[in-house]
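Given chain A, work out where chain B should sit, using these hints.
For reference, the chains in residue letters:
Protein chains: 2
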Amino acid sequence: MESFVIDKEFVDEFIELLELKSDEELASMLERLYPADIAEIFDHLELEQAVYTTSLLESDKKVEVLAELEPEVRVKFFDGFSHEYIATEFIQNMDSDDAVDVLSVLGTTEAEQIISHLPNKEDSLYLTRLLRYPEDTAGGLMAGELIKVNINWNVSQCTEEIRKQAEEVTRVYTVYVVDDSDILLGWVSLKKIILAKASTPISEIFDSNIKYANVNAEGEDIASVMQKYDLIALPIVDSLNRLLGRVTIDDVVDLIREEADKDYQMLSGISKVVEQKDKVWVLSKARLPWLIIGLFGGIMSSVVIGQFDGQLQENVQLALFMPLIMAMAGNIGVQSSSIIVQGLANNTISNDSVWSKLAKELTVALINGLVCSALLLGYGLLVGKSNGIMSTVSVALFAVILLAAIIGTIVPLILDKLKIDPALATGPFITTSNDLLGLFLYFVIGKMLM
Amino acid sequence: MESFVIDKEFVDEFIELLELKSDEELASMLERLYPADIAEIFDHLELEQAVYTTSLLESDKKVEVLAELEPEVRVKFFDGFSHEYIATEFIQNMDSDDAVDVLSVLGTTEAEQIISHLPNKEDSLYLTRLLRYPEDTAGGLMAGELIKVNINWNVSQCTEEIRKQAEEVTRVYTVYVVDDSDILLGWVSLKKIILAKASTPISEIFDSNIKYANVNAEGEDIASVMQKYDLIALPIVDSLNRLLGRVTIDDVVDLIREEADKDYQMLSGISKVVEQKDKVWVLSKARLPWLIIGLFGGIMSSVVIGQFDGQLQENVQLALFMPLIMAMAGNIGVQSSSIIVQGLANNTISNDSVWSKLAKELTVALINGLVCSALLLGYGLLVGKSNGIMSTVSVALFAVILLAAIIGTIVPLILDKLKIDPALATGPFITTSNDLLGLFLYFVIGKMLM
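Chains as they are written, first to last, in our numbering: chain A, 1 to 450; chain B, 1 to 450.
Isolated chain A, as found in the complex (with noise of 0.2 Å):
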């Protein structure tokens, strides 16, 4: 790989070079970097740092850069300059996607101030349209910078449009064909206008089947759409089919990663997304929610035990095979709930009724449930345990598993139901309540066959 990683030692030559002053090494070294690497040498500088680095940029590099920043490092960065400066220096040469990522950071009534310097009154009405649209909707993942051409043109004046447009627009994957409305008909590729004669009609040429969506779509839809169609682009359009904008693959990437973090997470018990590297009381406010969720459990549990202390103190032995009905309970609760989690976010779920979901769930404990709990009677035949505590400890073991299976089946689908993201059915919570469960019905089992 070519790439190479931003460490310590080069971070500490670039401060050194920033406190001699040394522009002109500087510049050269800024220029051989990518904007992701220079946000990434951000993150370690101090604010007047970061702003005399900003200084040595090309505009261009500049506004890269600062898309790349993360949220709490740019929301930093901003205080070292003006709102008009932010305006016209970055706003004005951004995508209106990464403008509008980029101030979203900041509050409404700040990022709209800092909109109101823009000199062109278009693109501010463009871009507080955009900052109304929720983060991961069409609307918050589009830009509006793209190539449409009318259909009544031909080859040689849509490579005029691209050259009007090609300032701004960055990367031009396809061009959009609209009519005179607005309204989108279909689009045509750039190998096809390098490959046709100046005065071919772009209705020649163009292709009417087209996938778009909706600017009010989930970024999930749209994510598993690009996806399943191998889309680089997507346009977005309005109730009326006009043309508003597009979705690039690189921020449906992003947000791939995202949420795919999200579900880990929220599985793993820690109730936002951090990374390793955040400080440590981030990390710890991170996890103390489940953890306090988990030591509820725990004290619901002894409570739950505590009635049955006399059948305790009779048979001590019942005490011994609690670990194993709780870890068993938990362990099919997690995976039945991942396995509804993941097929509702990956669209891979039957569309079954939640009855034959249910049925099939269940088909599996059983299975699973017979094969375990005859494999705890052959180790109690095998070290000759007493015939009792350990029929007991089966039969119980075995309603534990379909019970914890029936739980984490349907809370994930009653969650999802209820537009409750079902992620939340899955980790601590989904573990504690089958602990819970699975232990009432262990000693109830215990009481009736001992």
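One thing to keep in mind: the hints can contain errors.
Unchecked claim - A few chain B residues facing chain A, derived, Cβ under 8 Å:
1) 166
2) 191
3) 250
4) 256
5) 257
6) 270
7) 287
8) 288
9) 291
10) 306
11) 324
12) 335
13) 342
14) 348
15) 363
16) 428
To be verified - Straight line, CA to CA, 30 Å or less: simulated DSS-like cross-link-like pairs of lysine-lysine:
17) A:197 to B:61
18) A:228 to A:272
19) A:148 to B:191
20) A:61 to B:197
21) A:164 to A:197
22) A:148 to B:228
23) A:262 to B:262
24) B:360 to B:419
25) B:211 to A:61
26) B:417 to B:360
27) A:164 to B:197
Calculated directly from the structure, the hints in this document are not laboratory data. Bear in mind the structure is a predicted one, so any value in this text is a computation, not a measurement. Backbone N, C-alpha and C fix where the C-beta goes; we use that ideal spot for every residue, glycine too.
Same frame as chain A, but now just chain B:
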């Protein structure tokens, strides 16, 4: 969203038309459908029906549908055709990365037999070579179809080359620039080619600043570079920097999803990537391994607790808080390990030494341990539980939280060093071992304090 869902009704209607042999209606239906949608219909067809449907597809679409089929459907589908037909009708018309994907579901022998029927010897050599690269490396992901131009050419020669290659390279994003020995020098965008004069030398408009990767690079590294730098395609070179192919973002998107799914299922205790719509026995088989490990852990726990049964008999209260200790040990272990695993997967882990990572995790555990132990003590005071048991449980809880954090941090880091997938350290594995150690610690502390 303009996309529509292939549901049971639609498939039934399609099959009815097939049985009626309404070729015209079928053809017009197929024309309106995207390859990914047709592939979904194929999931529900008998081999004979699938072969018949294929005969109605135009050549381009035929190939795209094949690339979109699920691997197991594709294997079945191949049975309907001769090797020669597969080679000349499918493989020859595919991008080489799709051809390799398609062939990789067959054994090497069968794949090479099919390849031998390709009319162009160069193609079959290139494919045989691609088939040898491991699936998740740059070599396994790349396609040979790309537009490359010589640095000594001008724009009109470049356009001519695009025209020549246009049929083979379906999507042109960038044109790569090489020297006489095929060494990668840079790239030029289609936009620039459209806007430049025909006589402009490529050397004047090309950009030498280009990201590329070696053919042996890991797929995950390719994915993070392309995500970090917002790339649509990444050129792949050999050790002499000769251009071999390119990896496109659509394959990387699939890879990112697969990797995320794999880690998610590992964390949820499922040993293979499965979907809710898979068959019962597939689901059952994927879950049993971890359940049996959990069962084994539970049996081990019963042995550990058995060592302390005198103590339990004496003070049955100790049993009441076993679930609490276990649940907390499990949660902390999963939290710590998953943050490390995700950091390793996303390359967002700090560059500090193992010791300083551990120190950080321990600090977080210290804070969370103090909070949880204090809450537990508070609960004891509130309900008037005996001081003896509550202080024992609180001290044990604190110790167990620290221990679980250490194990959760160290195990994935060790696995990663040993080149074993660190995700193995999440899920039931870590929960089970933390349960065991946690309970042991609990009883030892109980013995000392009570």
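Hint-by-hint comparison with the structure:
Using the Cβ-Cβ criterion of 8 Å, the hint placing residue 166 (chain B) at the interface with chain A is satisfied: the shortest such distance is roughly 6 Å. Interface restraint check: residue 191 (chain B) against chain A, minimum CB-CB distance 5 Å, threshold 8 Å, status holds. At its closest, the beta carbon of residue 250 (chain B) sits 4 Å from a beta carbon of chain A; the interface hint therefore holds under the 8 Å criterion. The interface hint given for residue 256 (chain B) holds, since its Cβ lies 6 Å from the closest Cβ of chain A, which is under the 8 Å cut-off.
The criterion of a C-beta within 8 Å of any C-beta in chain A is met by residue 257 (chain B), whose closest approach is roughly 6 Å, and the hint holds. Using the Cβ-Cβ criterion of 8 Å, the hint placing residue 270 (chain B) at the interface with chain A is satisfied: the shortest such distance is roughly 6 Å. At about 5 Å, the closest approach between the beta carbon of residue 287 (chain B) and any beta carbon in chain A falls short of 8 Å, and the interface hint on this residue holds. Annotation: interface hint on residue 288 (chain B) holds; nearest CB of chain A at approximately 6 Å, less than 8 Å.
Evaluation of the residue 291 (chain B) hint against chain A yields a held restraint, the C-beta minimum of about 6 Å falling below 8 Å. The beta carbon of residue 306 (chain B) is positioned within 8 Å of a beta carbon in chain A (closest approach about 6 Å), and the interface hint is therefore held. Against a cut-off of 8 Å between C-beta atoms, the interface hint on residue 324 (chain B) holds, since the closest Cβ of chain A lies about 3 Å away. The restraint placing residue 335 (chain B) at the interface with chain A holds, with a minimum CB-CB distance near 5 Å, inside the 8 Å limit.
A least Cβ separation of about 6 Å between residue 342 (chain B) and chain A falls short of the 8 Å threshold, and the interface hint therefore holds. With its C-beta approaching chain A no nearer than about 5 Å, residue 348 (chain B) sits inside the 8 Å limit, and its interface hint holds. For residue 363 (chain B), the interface hint holds, the least distance from its beta-carbon to any beta-carbon of chain A being 5 Å, beneath 8 Å. Taking 8 Å as the C-beta contact cut-off toward chain A, the hint placing residue 428 (chain B) at the interface holds, the least distance being around 6 Å.
For the hint pairing residue 197 (chain A) with residue 61 (chain B), the CA-to-CA distance comes to about 27 Å; that is within 30 Å, so the pair holds. About 29 Å separates the Cα atoms of residue 228 (chain A) and residue 272 (chain A), which keeps this hinted pair within 30 Å; it holds. Among the hinted pairs, residue 148 (chain A) with residue 191 (chain B) is consistent with the structure: their alpha-carbon atoms are about 14 Å apart, no more than 30 Å. A hinted pair counts as satisfied when its Cα atoms are at most 30 Å apart, and residue 61 (chain A) with residue 197 (chain B) qualifies at roughly 27 Å.
A threshold of 30 Å between alpha carbons decides the hint, and for residue 164 (chain A) with residue 197 (chain A) the separation of about 20 Å falls inside it, so the pair holds. Restraint check for residue 148 (chain A) and residue 228 (chain B): the C-alpha separation of about 28 Å stays at or below 30 Å, so the hint holds. The hinted pair formed by residue 262 (chain A) and residue 262 (chain B) meets the criterion: a straight-line CA distance of about 15 Å does not exceed 30 Å. Pair hint residue 360 (chain B) plus residue 419 (chain B) holds up; C-alpha atoms about 24 Å apart against a cutoff of 30 Å.
For the suggested pair residue 211 (chain B) and residue 61 (chain A), the alpha carbons sit about 17 Å apart, so the restraint of at most 30 Å is met. Between residue 417 (chain B) and residue 360 (chain B) the alpha-carbon distance is near 19 Å, which keeps this suggested pair within the 30 Å criterion. Straight-line distance between C-alpha atoms of residue 164 (chain A) and residue 197 (chain B) comes to about 16 Å, which keeps the hinted pair within the 30 Å bound.
Of the hints listed earlier, there is not a single one the structure fails to meet.
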